[in-house]
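Student: Order-wise, the sequence lines are chains A and B. Mapping to our numbering: the first sequence position 95 is 95, numbers consecutive. To convert, count from 1 in the second sequence and add 1000; that's our numbering.
Check before you lean on any hint, since a few could be wrong.
[What the hints assert, rightly or not] Residues from chain B that face chain A, not an exhaustive set, calculated with beta carbons under 10 Å:
1) 1062
2) 1071
3) 1260
[Stated by the list, open to error] Just a sample of chain A residues kept apart from chain B, beta carbon distances all over 12 Å, derived:
4) 20
5) 38
6) 66
7) 89
8) 96
9) 106
10) 107
11) 166
12) 173
13) 186
14) 212
15) 220
16) 253
17) 303
18) 320
To be clear, the hints were calculated from the coordinates, so they are not data collected in a lab. The beta carbon of each residue, even a glycine, is placed where N, CA and C say it ideally should be.
2 protein chains.
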Amino acid sequence: MATTLKDVALKAGVSVKTVSNVVNNYPYVTDAIRLRVKAAINELQYQPNLSARYLRKGRSGILAFANPDLSNAYFSEIGQVVIEAAKARSYTVLLDHTGGERSNEQDVVRGLSPHLIDGVILSPFALEPEDLQPRQESIPIVLLGDRIYDVPYDHVTYDNVATARLATQHLLSLGRRRIAALGVQEAEARETETSRLRLRGYLEALEEAGVPLDPHLIIRGLPSFSRFYGARAMRQLLSLDTPPDAIFCFNDLLALGAMRAIFEADYRVPEDIAVVGFDDIEEGRYAVPSLTTIAPDKQKIGDLAVAFLLGRIDGTRTGPPERIEVSCQLIVRESSTLRG
Amino acid sequence: MATTLKDVALKAGVSVKTVSNVVNNYPYVTDAIRLRVKAAINELQYQPNLSARYLRKGRSGILAFANPDLSNAYFSEIGQVVIEAAKARSYTVLLDHTGGERSNEQDVVRGLSPHLIDGVILSPFALEPEDLQPRQESIPIVLLGDRIYDVPYDHVTYDNVATARLATQHLLSLGRRRIAALGVQEAEARETETSRLRLRGYLEALEEAGVPLDPHLIIRGLPSFSRFYGARAMRQLLSLDTPPDAIFCFNDLLALGAMRAIFEADYRVPEDIAVVGFDDIEEGRYAVPSLTTIAPDKQKIGDLAVAFLLGRIDGTRTGPPERIEVSCQLIVRESSTLRG
């Protein structure tokens, strides 16, 4: 027979309520009592059954964070924030890797595991708005990123156009005029929304500055935002009759791949080619040279996503879904400044 | 009332068996029929209930990969292999981030979600052997890494002593004699098993070569294997009266942090200090200079872990648990070879 709270209470010589307080990590228990209860829990191999605990309220206590690519630190860094924020509210987060495939994302929305998961934070990549029509049995969803508009879910994002313009203006302010844009990503044979918005910001900055556009400097059709495709695209740009003197990469992984290709071709960063990325992943801070980038407020993205989701789950957040934009800032590092 | 397979079959004008074949992605259905069934599924908003499908066999169809640090690409790269291998067998993988905390790891072993998960691949960090005693209701577990011995679970690992010796021998073969070891990691105030084994390999290589040991060159007490602590430890080594001429880092993130600190102090890699890491994460291949490292066979680790786990789940793998070692190889890159 399974060990119960009562067995633990008897063993520890305390009340069931006290055992419950320890199991729930409530603060009203002295350290001595806590240790005694934990010893009893260990001895009896009592399993604090979170499932049972939440199921009383019809909940599993588990959230999912579904994202296209955990090997991209942008998502794993937001994942860490989500895990911490959820933990502070006694929720566990499982990470679901969709690979950016529409069918996997559809599974997430349809509730692959409707009795397992109380709510989902979804960073969609290939999903279309029609996939996101609500259904009666739907669990709450919070969306991240710029992929989907006009859907009945809370949505945390930032202004991709303005930030891409800022990144490009920074390169213009260094006196660079042949600024490449790397790269426009495609999913299911269409440009992704994020790419489209960042490209628009780049184009707006060039136009404002009266710098003519050279279409050869825009790299399109990237299958993914990876170091590999960044390096490959950069080699293509370096083979132009007049290579670029600066490059705005649509994420940091592309930029790190591009810097590697620049190094291999014996050009210097930033003297010959200044580089700006997007995401502010930790790797860029340690790169040689360190990477100038756009830093979305990842802490706020993760915190808001969890707060919105738990609010929908526990019913404290009502009213129509909101679209919230967090701030981004330009962080200037060695890849766009000469070392003194 | 929920839509059933039968409703879909009626709508599409096919048999229930055909709908089932489409839902299960079996190959015996023509594209035309598949499209018709999918249209009916969409129209009726039928939810292919994977849970129900597996629950007939008493299974959820979900595996967990629990690991201490998804922001370390070593784990996310193995995670990718696990996801792919599981997907080929129609299993979904959820990633559980333990943060390397013993209590979280205990939760995993005790089955935080016993009705949710069919089996667990666990890469433990702080867990002690006594935490891993089997219990009647335990779900199958496969262990990765060198932390735990003599437990009743299949275990996929590699020879840390031999590979650390190999890394150190490589630096010795370059004529380096002041070779630092960075670093020994501690969990719950004890050296981790992985650290201990890698340190042993380093010491054996020095001893075989007759190179006297300078204890100042061994960095101990690292809270985690991160770029931050790698950079910090390297600054400490560079402040010695005679800094090292080579450094063996116990993982790639430490090595990448160390390379950044070497760059900031205006030393050169590899001319002044040769650097070797461990894990062969993608970042090291794109670093400037690219990072020499030890590459465990991550593909095989992930494939074996999934094969063993599914074998235990479906009962085709019987007999006592095994401990399997996969191979590792030294990959020499720019951080330990002069550019020609």
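Student: Each of the hints needs a verdict: does it hold here or not?
Tutor: Quick rundown of the hints versus the structure:
1. 1062: holds (7 Å)
2. 1071: holds (5 Å)
3. 1260: holds (4 Å)
4. 20: Given a closest Cβ separation of 17 Å, the condition holds.
5. 38: Contrary to the label, residue 38 of chain A does not stay out of reach of chain B, its closest Cβ about 10 Å off (not over 12 Å).
6. 66: The assertion about residue 66 of chain A is violated, with a minimum of 10 Å to chain B.
7. 89: For residue 89 of chain A, whose nearest Cβ neighbour in chain B is about 16 Å away, the distance exceeds 12 Å, so it holds.
8. 96: Not fine: 6 Å to the nearest Cβ puts residue 96 of chain A too close to chain B.
9. 106: violated (10 Å)
10. 107: violated (8 Å)
11. 166: holds (26 Å)
12. 173: holds (25 Å)
13. 186: holds (21 Å)
14. 212: With a cut-off of 12 Å, residue 212 of chain A remains clear of chain B, as the shortest Cβ separation is near 32 Å.
15. 220: For residue 220 of chain A, whose nearest Cβ neighbour in chain B is about 22 Å away, the distance exceeds 12 Å, so it holds.
16. 253: About 9 Å separates residue 253 of chain A from the closest Cβ of chain B, which leaves it inside 12 Å; violated.
17. 303: holds (17 Å)
18. 320: holds (23 Å)
Going through the hint list in order, the structure does not satisfy hints 5, 6, 8, 9, 10, 16.
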